[in-house]
Amino acid sequence: MNEHSAGTSSPDQATAPDTEHRRELLRTMVLIRRFEETCAELYSAARIRGFVHLCVGEEAVAAGVMAALGPDDAVLSTYREHGHALARGLTLNSLMAEMFGKQTGCSGGRGGSMHLFDKSHRFVGGNAIVAAGLPLAVGLALADKLQNRDRVTVCFFGEGAAAEGEFHEALNLAALWRLPVLFCCENNLYAMGTSIAKEHAASDLALRAESYGLSAWPVDGMDVLAVERSAVRAVEAIRGGGGPHFLELRTFRFRAHSMYDPDRYREKVEIEQWKERDPIDALVKTMKAAGQIDDAGLAAMRSEVADAVAAAVDTAEQAPFEPVENLTRFVTSEAGTGEDRP
Amino acid sequence: MNEHSAGTSSPDQATAPDTEHRRELLRTMVLIRRFEETCAELYSAARIRGFVHLCVGEEAVAAGVMAALGPDDAVLSTYREHGHALARGLTLNSLMAEMFGKQTGCSGGRGGSMHLFDKSHRFVGGNAIVAAGLPLAVGLALADKLQNRDRVTVCFFGEGAAAEGEFHEALNLAALWRLPVLFCCENNLYAMGTSIAKEHAASDLALRAESYGLSAWPVDGMDVLAVERSAVRAVEAIRGGGGPHFLELRTFRFRAHSMYDPDRYREKVEIEQWKERDPIDALVKTMKAAGQIDDAGLAAMRSEVADAVAAAVDTAEQAPFEPVENLTRFVTSEAGTGEDRP
Amino acid sequence: MNDTLVETTYREALRAAIRQAMLEDERVYLMGEDVGDYGGCFAVSLGLLEEFGPERIRDTPLSESAFVGAGIGSAIGGMRPIVEIMTVNFSLLALDQIMNTAASLLHMSGGQFNVPLVIRMTTGGGRQLAAQHSHSLEGWYAHIPGLRILAPATLEDARGMLLTALKDPDPVLIFEHGSLYNMKGVLAADAGAVDIDRAVVRREGTDVTLITYGGTLGTTLEAADLLAADGISAEVIDLRTLRPLDDETFIGSVRRTHRAVVVDEGWRSGSLSAEISARIMEQALYDLDAPVERVCSAEVPLPYPKHLEDAALPQSATIAEAARRTMSPEQG
Amino acid sequence: MNDTLVETTYREALRAAIRQAMLEDERVYLMGEDVGDYGGCFAVSLGLLEEFGPERIRDTPLSESAFVGAGIGSAIGGMRPIVEIMTVNFSLLALDQIMNTAASLLHMSGGQFNVPLVIRMTTGGGRQLAAQHSHSLEGWYAHIPGLRILAPATLEDARGMLLTALKDPDPVLIFEHGSLYNMKGVLAADAGAVDIDRAVVRREGTDVTLITYGGTLGTTLEAADLLAADGISAEVIDLRTLRPLDDETFIGSVRRTHRAVVVDEGWRSGSLSAEISARIMEQALYDLDAPVERVCSAEVPLPYPKHLEDAALPQSATIAEAARRTMSPEQG
Ligand SMILES: Cc1ncc(C[n+]2csc(CCOP(=O)(O)OP(=O)(O)O)c2C)c(N)n1
Ligand SMILES: Cc1ncc(C[n+]2csc(CCOP(=O)(O)OP(=O)(O)O)c2C)c(N)n1
Ligand SMILES: [Mg+2]
Ligand SMILES: [Mg+2]
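Chains as they are written, first to last, in this note's numbering: chain A, 1 to 342; chain B, 1 to 342; chain C, 1 to 332; chain D, 1 to 332.
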């Protein structure tokens with residue numbers, strides 16, 4: 001794994017800093033943060049419901065990995081997928097409308113926070129069954145291989161998911177069949193209230209993944225540039241026929257598991273220490289040092305994003321609900337959707 | 001793993017060869033072989049039915065591991081469990097009667113070949129769901145730990161089972177909770193018709209097991225003395241608080257997967273080569289060299305065993321069937337069995 | 001018996017039952033995801049880790065199949081496990097262990113290995129949790145021989161069913177409807193174990209029998225109020241135990257009222273309501289003045305928005321309507 | 001249409017269907033344990049590896065959940081997978097993927113991701129395979145919205161259902177009864193795709209309707225012969241598609257005969273037979289001259305010995321008896 005250790009190297013080793021690109025990464029993270037903080041407010045105000053899981057603190061993972069993908073690649077995520085969806089380019093309006101359960105939502109309102117889908121972005125969704133996305137990713141990659149398509153399928157999941165049997169079965173299949181899958185394990189050290197030490201007897205997840213014959217390495221998930229570098233390297237290797245890869249993205253959620261969670265199981269100090277490594281602040285620091293942004297520019301970006309999110313909320317609130325008569329639509333395909341029997 | 005490599009060392013390194021003990025190991029293997037060859041004949045004659053899986057060629061694993069256990073230890077097996085049951089000491093009559101589905105069978109006739117059980121020997125059964133026994137073993141060991149009982153639970157399964165999610169989940173639990181389980185993986189290179197190379201991306205199973213934090217090593221499964229030595233060492237380590245252990249027992253089934261299987265997927269030469277390592281012949285050779293048995297003694301043993309098996313067949317045939325009125329017995333417990341609600 | 005009453009909730013009643021069981025029997029322990037440090041995903045076990053420690057309030061990794069299997073193994077090994085599965089949808093990951101092992105072991109072994117295991121899980125919709133957290137599969141589980149299926153719908157049953165289940169020599173599944181955890185009410189200070197064999201009449205009536213269980217008991221009682229306002233006297237039966245079914249109680253009631261509506265939050269086709277209707281057909285056909293009606297969930301993976309979820313689930317108005325239909329059936 | 005007939009078996013008909021589908025559509029592939037080198041655990045795919053190679057006749061490791069999930073993923077990715085699960089009991093390991101993903105994805109995604117997946121598996125008893133290889137869960141699967149459930153009981157359906165299922169945009173589960181693989185018969189040389197929406201009348205009759213599917217069709221036809229000998233004319237209906245159910249066909253028949261017996265190899269409580277009985281209750285109560293009878297499997301994990309297994313499964317004599325009871329019901 002050593003040749004990969006650059007994956008955890010510090011930002012200033014980044015090659016040819018590109019101001020525009022870094023501003024995009026920054027904006028993506030700022031947008032995710034603002035979107036989710038707005039969701040938290042809306043949830044507290046009971047304007048959105050269900051289970052809502054925020055990725056505040058983990059934005060660098062979403063922004064960095066998506067920057068390495070092309071439009072034909074596929075992405076599978078979890079119930080903690082707002083960040084992945086925004087970074088993948090799903091529209092703010094379609095996502096906010098989905099939080100409100102509106103017809104204009106990315107899943108027509110039927111999914112809600114845990115089930116964001118968008119076929120046009122090959123975003124194969126949130127998934128509220130832990131680890132269930134891994135076999136789907138294997139299948140999407142198999143379909144690409146069987147159809148000789150040069151595509152990569154990226155699958156996000158947490159370190160807790162790695163304890164599920166499907167993790168084992170899916171990694172074995174992907175490695176056995178050398179499928180173009182990038183497994184992105186977001187190791188935020190907790191699975192709800194269960195710490196990684198209580199979840200895994202052997203908690204070096206990159207090492208675990210390597211034991212299946214995948215190329216795997218750990219990445220500083222708080223450093224968006226490091227994440228992007230590793231993702232680019234992995235995706236290139238996969239496209240080059242290098243088989244499935246696995247990134248252990250070391251990160252932390254600053255907020256509770258879900259809006260239900262009183263967060264009793266973590267020491268405040270642990271959270272505070274991680275907050276000092278806020279991925280947004282970190283990139284801002286790097287960009288300031290490189291003269292790529294200043295306070296005014298940052299303030300402008302934040303207010304532009306705030307306005308966009310606020311506008312999305314208004315639009316979502318005004319959007320129509322699916323008529324009740326349509327309740328049983330999409331249980332099976334309708335003429336026109338999918339492929340029909342003659 | 002190197003300090004364990006004695007586990008694959010040659011018999012002559014065996015410490016203090018004990019004639020009586022070796023004769024017992026030999027008789028156990030001869031008995032298993034004869035029992036199963038009789039089952040094959042009975043099956044072909046349609047006198048026993050269902051799925052029947054023979055372990056001919058793998059007798060050293062059953063005989064060697066069981067020799068390391070005490071009466072309070074528990075054993076879980078698979079659908080290929082005749083050898084484990086006989087080596088564990090279940091009576092020949094109760095096993096043969098079970099093959100015939102008779103009331104006097106070890107499972108009262110309801111189980112058949114794939115479901116041999118005997119509470120008095122803590123033989124927690126055959127199991128016809130691949131890998132399903134591993135979590136049960138974890139639970140039995142947990143019960144011993146919670147009740148401060150100095151017992152070991154041994155769980156047999158094949159290399160194919162190691163691809164199932166339950167293998168992953170169960171090894172993690174056992175290692176995480178440091179439970180007294182001995183995992184015995186019978187690596188006979190095939191899972192039905194699927195070779196290990198098509199089953200596992202990384203096929204060094206002892207190494208896979210070690211990656212969970214278990215002590216694990218490979219063993220020559222055709223050498224009953226090597227198997228016993230490794231089992232003894234592992235069981236001692238477990239009793240000493242060393243946590244779960246894993247043995248990869250390298251063996252081969254000389255016959256097809258089941259009586260249904262035409263065995264199209266293996267080269268005859270591969271089978272022939274393994275037959276040259278017949279575990280019974282190997283032990284006989286060692287014992288002859290050590291003057292512990294001669295042809296006359298061997299012939300006597302074989303005929304004594306043949307008579308015992310033949311007698312068990314007669315007894316089984318004469319035994320009664322469970323009356324049809326009892327069909328729905330044992331779906332739930334009856335007063336007396338188990339513990340009852342007041 | 002002491003008749004002082006205490007204010008409590010369904011959640012607290014469940015917790016009190018777990019606590020009592022653990023105090024009374026050293027073999028009892030609770031195992032599942034986040035039952036310890038987190039306090040239980042629905043806070044049922046909150047505080048028990050501090051009282052009983054991590055060996056008996058055992059957090060597990062995300063491995064439904066393995067920890068359910070381990071629960072079975074430990075039950076065979078002499079323990080009395082309470083295994084918690086967070087939500088019924090996740091129990092599908094453990095269904096092999098539940099059906100192929102827990103429910104079958106006693107029979108396969110010719111009566112040698114019974115499995116005194118209790119599995120608790122949350123079931124049901126109504127909280128906008130969408131298609132992977134909202135289903136009602138308890139009636140579906142009731143198809144499996146070898147299992148006992150319980151659906152506590154009241155504080156008494158939340159407090160008492162677990163204690164009796166833990167004395168059962170065979171596997172018992174307890175389904176806790178997610179919308180009941182916050183249900184408040186009063187309970188006898190000395191409330192304890194309850195019968196888990198019989199259905200009970202929760203409201204007496206003479207015109208029509210409303211048969212239900214679990215999360216829809218409240219809705220069905222509301223429907224009975226609506227009907228009373230129209231002068232229709234509805235008897236409400238809480239099945240309580242979904243397997244084995246207590247035919248006597250609901251058949252007896254139908255014999256008196258000559259009409260029945262089965263209310264079941266499961267998807268209609270192949271739900272428990274079908275079994276109830278079929279048993280009425282078999283045992284009381286000639287007592288019927290109208291076809292047995294069924295009010296079930298729409299056959300759709302539950303959608304997220306409230307208006308669609310409400311439309312998918314049994315509501316008091318639709319139950320009352322069905323009951324009215326039985327009062328004036330159009331002869332086929 | 002060409003009316004030359006060929007001798008074949010149920011197994012060969014299935015194989016011919018897979019082969020035709022693979023020849024006609026490059027997106028079709030077969031995946032499962034031992035479908036390749038071994039030739040299929042029941043020899044259905046024997047020879048196909050040699051013809052189509054290991055990419056399209058894909059052996060999988062023992063990982064039911066992952067290869068079913070991979071089948072779903074590849075269907076979304078544009079392939080038309082046929083996933084084989086050896087035996088229905090093992091499908092429980094993949095049930096999470098089947099219910100929580102395959103059956104729900106289209107709805108959760110608001111109609112964006114349909115899952116054109118076909119899963120084939122062996123079901124049923126009668127071969128002395130005991131409690132972990134013998135169950136009949138197809139009726140239980142029929143509870144799940146979003147799935148189509150097929151039970152081919154004839155050579156025509158073994159030959160034709162798969163082809164139509166592969167054209168379905170949504171997940172289809174095909175249950176092949178293990179005792180049918182060796183069934184011999186003749187089939188039109190040009191037999192091909194068949195309808196998968198309707199039940200069919202396999203034998204016409206006027207006195208009583210026998211409703212069944214899959215492995216018990218033969219037994220039920222035998223029962224009809226027994227009844228004919230007593231002068232009772234039984235109509236035999238093969239449901240064919242267990243979800244969605246074709247009410248029209250069996251309700252129409254019951255309206256004519258006024259009597260019905262449902263024969264279902266599933267465990268009685270909560271079996272598909274209950275749903276059929278409930279639908280007759282709802283749609284044809286006033287046409288009935290007797291309670292609908294059900295002949296199902298005993299509620300026991302199937303035991304190994306033949307005499308006990310036979311006693312547990314529906315037999316022609318018990319079916320005929322049930323039919324006779326409907327001819328002279330004791331008014332309750
Ligand atoms: C199969 C399954 N089991 C349990 C749950 C409940 N649950 C939802 S998220 C979660 C924790 C997952 O932790 P991890 O994989 O580390 O992801 P994270 O939430 O930390 O991003 C649990 C237990 C579930 N949704 N699915
Ligand atoms: C969950 C499950 N899947 C598939 C099967 C069918 N099956 C029975 S044995 C077997 C092969 C198992 O191979 P292995 O674990 O290596 O054990 P071996 O038979 O070689 O001793 C298979 C696929 C099963 N019984 N259970
Ligand atoms: Mg985590
Ligand atoms: Mg093997």
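No lab work stands behind these hints: they were computed from the structure.
Some hints here could point you the wrong way.
When the alpha-carbon atoms are kept at most 25 angstroms apart in a straight line, the in silico BS3-like pairs for lysine-lysine are as follows [to be verified]:
1. 288/B x 268/B
2. 167/D x 306/D
3. 167/D x 119/A
4. 268/A x 288/A
5. 119/B x 167/C
6. 285/A x 275/A
7. 184/D x 145/A
8. 275/B x 288/B
9. 306/C x 167/C
10. 119/A x 145/A
11. 145/B x 167/C
12. 275/B x 285/B
Cross-check of the supplied hints:
{"no.": "1", "hint": "288/B x 268/B", "result": "violated (30 angstroms)"}
{"no.": "2", "hint": "167/D x 306/D", "result": "violated (40 angstroms)"}
{"no.": "3", "hint": "167/D x 119/A", "result": "holds (21 angstroms)"}
{"no.": "4", "hint": "268/A x 288/A", "result": "violated (30 angstroms)"}
{"no.": "5", "hint": "119/B x 167/C", "result": "holds (21 angstroms)"}
{"no.": "6", "hint": "285/A x 275/A", "result": "holds (14 angstroms)"}
{"no.": "7", "hint": "184/D x 145/A", "result": "violated (39 angstroms)"}
{"no.": "8", "hint": "275/B x 288/B", "result": "holds (19 angstroms)"}
{"no.": "9", "hint": "306/C x 167/C", "result": "violated (40 angstroms)"}
{"no.": "10", "hint": "119/A x 145/A", "result": "holds (20 angstroms)"}
{"no.": "11", "hint": "145/B x 167/C", "result": "holds (22 angstroms)"}
{"no.": "12", "hint": "275/B x 285/B", "result": "holds (14 angstroms)"}
Going down the numbered hints, you'll see the structure goes against 1, 2, 4, 7, 9, while the others check out.
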